[in-house]
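K.L.:
The chain contents come next:
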Amino acid sequence: MAMVSGRGVRFKGKYLFSLSAPKIICFIFLFAMVCFTALPLVYVTVTAFKPIDELYLFPPTFFTRRPSFNNFKSLLSSLSGSEVPFLRYVFNSLFVTVISVTISVFISTLGAYGLVKQRPRGGNVIFAFILAALMFPGSVTQIPSYLVVKELGLLNSYGALIITKVAVAFNFFLMKQFMEQIPDAYLEAARIDAAGEFYIYAKIIMPMMKPACATLIVFSFISSWNDYLGPLIYTSKATLKTLPLAVQMISGGTGAAAITTAGSVAASTFVMTLPVIIVYLIMQSKVLSTMAYSGIK
Amino acid sequence: MIRKKSGPTGYHNTKIGYLCLAPYLILFFLFTILPVLASIFLSFTDYDMLNTPKFVGFENYTYLFLEDDIFLIALKNTLTFACISGPVTYILSFLFAWLICRMGKLRNFFSLAFYAPSICSGVAMSTVWLYFFSSDSYGFINNLLMNIGVISSPIQWTLNTKYVLGVIIFISIWMGMGTSFLTFIAGFQGLSEELSEAARIDGIRYATQELVYIILPQMKPQLLFGAINSIVAAFGVFDIAVSVGGFPSVDYCAHTLVAHLYDFAFTRFEMGYASGVAVVLFAITYSVGAIIRKVLASD
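Residue numbers (our numbering), protein chains in the order written: chain A, 1 to 297; chain B, 1001 to 1299.
Since the hints were derived computationally from the structure, they do not count as laboratory data. Given the structure is predicted, the values throughout are model-derived calculations rather than measurements. Warning: the hint list may mix true and false statements.
What the hints assert, rightly or not - What follows is a list of derived Cβ distance ranges for each label pair:
{"hint": "1", "chain 1": "A", "residue 1": "Val125", "chain 2": "B", "residue 2": "Tyr1213", "range": "36 to 44 Å"}
{"hint": "2", "chain 1": "A", "residue 1": "Leu87", "chain 2": "B", "residue 2": "Phe1055", "range": "43 to 51 Å"}
{"hint": "3", "chain 1": "A", "residue 1": "Ala38", "chain 2": "B", "residue 2": "Leu1066", "range": "45 to 53 Å"}
{"hint": "4", "chain 1": "B", "residue 1": "Leu1019", "chain 2": "A", "residue 2": "Gly252", "range": "47 to 55 Å"}
For every residue, glycine included, the Cβ atom is placed at its ideal position computed from N, Cα and C.
Let the sequences and hints guide you as you build the complete structure.
P.N.:
Following this line, the structure appears as structure tokens:
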């Protein structure tokens, strides 16, 4: 039995693609836009696998006929003009990102639990500050943050890249919004059974926060992995730099796009881009359901 | 100390509450609250990180606005960028989210396709776009335009001061379907079917009518969140601008407020003066955000 509802034609409980004219136009339009938005990403993928002679062809070609791993091999074997191997940048990025994400998930969920479920005095004032912090870019706080990091003796260490990126206002905001949806009845039942407050956090709240945590992982992964200003300011040693700076260096500095580096730039960009897309793909449905709580009333 | 009031919502435990909040709050204080206060303080001083800060009153600000031509260029560039890129990405995010939510099962595919550019590194993506906008005839765009005969010699996209800011705006719009876009998609999913049904019975016939009278009022919280996000992203522009225009850029045509801040703070170590730039940036974004909050506040 086909059912016509506001959103399309339903068949056996599943949406079919309805064939009304506006919907087809809409589909064609969206598909054309996707071809445009995907173009650079397709270009990166294709160029990363292009053999060197094809890179020098004129007029330039978009697609490749003979895919090869040469660009990745040369990326791994050496970085011209630098003594730091490419894998070191990959390791730095992974290490910093994984630790920041873990700490951020822990302190944001614990903090939101404290604020929402323990209802401390002055909680509203604290939340007002966090909400206000959503309203300016992080670069505003960069100078004093640098001074704090320097005072803590963390300049030129992984610690500087991690500690400055974990207490993000947006992460806390999202966790607080999600936490408010969890009924207090669960906590009351647990308290009657004499469960401690931290036991409740770990064993009752956290399992229910899984979709929110998945979302937090995606967002903090993206921001940590792509962070440019942080490693630029807090590290001066090449051995501590992360992938965004490596990509910029491989391309020959800012504002440069030479044919000679196109292959290695594309390969390194490919290495940088693949993880974030995969992380998002795995978590997509959870992210979309969590973002429903992201509105500001 | 546990104080119990009557009713299920009466539970309070300030001690455990703050214990749980402590790890977050300590770091939040150190790297957000303290820095904002310190920026304001430092902006009234002359501080080179070697000697103790020397109080100079409003000198930094008068110099910024009256003598520093490059700051004024940065301010102009940032405002131009924000006034175009901010609203355009915001409206496009909403429009695409609206269309995508009418696509049934293809929704997830389309959301990924539009969202993907925004989660990539701005540095990496700018570098990729530079091959499209390359100033020689190897650049795809120059190549295409020359082939169809629009131009006879390559356009210096990233060197000619007329085009650089445009290229930066273009790339940032391309990367712009980010967090706000996801919020809108989630918002569209949470809309009340009953309200739309009722509206249809009451005589609403077109999708655009439904959008204006039924959907927009329900989505105010998402619209507000998205707006604040777009403003912050637009005024904080740095990595794309640096990657495309270079640092420093030709005639400072791609110089932004954050670039100016970075220049004075971390290449010249004039922390007091750079803090003045930070405070200006803070004041602009925060007040634009506050106005938007007034406009879009729910009830």
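K.L.:
With reference to the structure, classify each hint as holding or not holding.
P.N.:
Against the structure, the hints:
1. At roughly 37 Å, the beta carbons of Val125 of chain A and Tyr1213 of chain B sit within the given window of 36 to 44 Å.
2. Checked against the hint of 43 to 51 Å, the pair Leu87 of chain A and Phe1055 of chain B passes, with Cβ atoms roughly 50 Å apart.
3. Taking the beta carbon of each, Ala38 of chain A and Leu1066 of chain B are about 48 Å apart, inside 45 to 53 Å as hinted.
4. About 51 Å separates the C-beta atoms of Leu1019 of chain B and Gly252 of chain A, a value consistent with the hinted range of 47 to 55 Å.
Violation of the numbered hints given earlier is absent; every hint is satisfied by the structure.
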